[in-house]
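Q: Spelled out, the chains give:
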Amino acid sequence: MDSRLLTGTVEMLILEVISEGPSYGYQIAQTVLARSRGYFELKEGSLYPALHRLERQKHLAANWNETDGRRRKYYKLTAAGSKALATKKQEWTAFSKGVQGVLGHA
Amino acid sequence: MPEHGSNWRDLAADLPAPRDDEPSHLRDDIVAELADHLSCAMNRELHATGDKEHAKKNVIDKFGNPTAVAYRLWWDAIKEKIMSQRILIGVTVIMAIACLAASGFAWMAVQEGREVNRAMLEKLSSLTLMSEEHPQSLNTLLLDWVPVKVKLVSNEHGMVPDGEFQVTLFGKLFGTDNVQVDKKLHINEEVEIGYVKPGSCTLTVNSPWGDHTTDYQTIMPGTPRTLTVDCPSKPIEDVQLKLDVNWPADLRNENLDLICAVSQGLRHIGETVWQPPLVQDRQGFSGTTKRDWLLLQSSGKVANYWSTIGYAGYNIESIGQSKYGIETRLDPDSELMWKESLTIRNLPVEINGMTVVFPSTELLALRMSKKLTISGMGMPIISTWPTDRYFRGDGELVSGQMPEMNGIFQGPIIIPIKSAIVDKSADPLRFVPKAGEINVWTIELPESLVARTREALKALDEFKAERNDSVEARYDGE
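Top to bottom, those sequences are chains S and H. Mapped onto the numbering used here, the consecutive letters of the first sequence carry residue numbers 151 to 256. Mapped onto the numbering used here, the consecutive letters of the second sequence carry residue numbers 392 to 869.
Derived from the structure by calculation, the hints contain no laboratory data. Beta carbons: idealized from backbone N, C-alpha and C, even for Gly. Just so you know, nobody snuck in bad clues.
In silico DSSO-like pairs for lysine-lysine, Cα to Cα no more than 27 Å straight-line:
#: 1; chain 1: H; residue 1: 448; chain 2: S; residue 2: 193
#: 2; chain 1: S; residue 1: 208; chain 2: H; residue 2: 470
#: 3; chain 1: S; residue 1: 223; chain 2: H; residue 2: 472
#: 4; chain 1: S; residue 1: 223; chain 2: H; residue 2: 447
#: 5; chain 1: H; residue 1: 633; chain 2: H; residue 2: 692
#: 6; chain 1: S; residue 1: 193; chain 2: H; residue 2: 470
To give a feel for the contact side, a few chain S residues facing chain H, derived at Cβ under 8 Å:
#: 7; residue: 174
#: 8; residue: 175
#: 9; residue: 176
#: 10; residue: 193
#: 11; residue: 195
#: 12; residue: 198
#: 13; residue: 199
#: 14; residue: 203
#: 15; residue: 221
#: 16; residue: 222
#: 17; residue: 223
To be clear about the criterion: a stretch of chain H counts as covered by chain S if any three or more of its residues have a C-beta under 8 Å from a C-beta of chain S, and this derived list gives those stretches:
#: 18; region: 415-424
#: 19; region: 463-472
This is chain S alone, in the form it adopts within the complex (with noise of 0.2 Å):
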């Protein structure tokens, strides 16, 4: 796909996996994969500065844990970014009406 069709939507799609329950990157970025069925492919050089933006903007919280003897960053929603992910979608269902209305009429 259009990477710029992408652009401004990764982090609603990041805070709604999230959304779900607690995550990290590399399971965002295959969740959003699946979800998509292979038309998201979240780069790295994307997602990564995404979760840290939203967590520099407090809608993600992180914490560290263990696992196979590597540490691993696990994200979860905050109250600021429920509200955030509420009014991206919001806004992307409005864009989306508009889009698909003028496309209809074409």
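Once you've looked at the hints, dock chain H against the given chain S.
A: Then chain H, alone, in the frame of chain S:
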């Protein structure tokens, strides 16, 4: 898969050297998170391909450059601190540069000022030398120094006055300090003041008899200047002025007096305005443009108290406002001199304000009710009181003077009716005297003054009726 994780140790290779303000765990966290991701991806690819090298290649292809991602995460975390630090350093540098520049400019200004002063001193020295050795060469310096002369002329009556006039030029004449040059000369003579710096200065000329004129002059660069002053040929003559008040019929027998604030016009000779001597040098009317005070008796006699009733130059409203400025003993042989007429300069006279004075005997009778002994000792007292409160009928004398008097009043007391003050400064009564005859000025009282006087007299009568004074007034004074 620890063995795979150890392959990603170089993730931090491209990161800059650790900073002092960097969180200690930042690099470890970034490396650990990315290494975990890469290890997971490696496991997946190993399951898919079974070949370690192939798997690693696939992981890198999909992930991109791990060290670049690590650098970006590090930069995102630290950039806010770095930027604020850079801004702080930038502002500090700019402030330091600004301070240095300001110091530099101040130093340059000081140096420049010193140079200018040194040059001026040198030029002044050279001018002095040149004026002694080669006076004609000074024309080349007209832009910096202008030769100034003063000439006195008089065309009045074709007469040339005797005596020398005093000329004074004052200003920044020879540099930055104020300098005064005094010269003496006769009419139709010219005098050289010297070389003067262009700019403003004050020219004052005093006549032999004390009249003077003052004017501001602007000396322009490049042009020699002769300041010409029109002078009087003789002192202005004195004339006699008799003052009369046209009291209305019902007030004529009330024995009222009138205080007038008076002033005289200026003397114009050509384009020059001349003023009388600054110091009063005559008995009676000072004749200056300042306001004087005249007291007109109902009998037609007049006396002037130019420095006593009020303060010369004050508006008529100032009468009676100063508690301490009004208790003044007058020597009847000099200052308090009742006359039939006044001797004034032959210039227009103006009355700028008026107020009426109650008859002294009435007031003394009222004061008697306060058990005060009143005796005339030949030293009359001029006194003003806040009579508006006094005659309002509250039964109290409003003044702080009684204790100071020790209960003894030594002469007539002049009490202006404050409610009957009329300010005529905007529309003065005017009289132009003529030389060689006794001038009689009959003063027409403004209607408002007459009306207020009637009201005040009515209030006085009501007050006396309320007090029902039984004490007999005894007054032996003038």
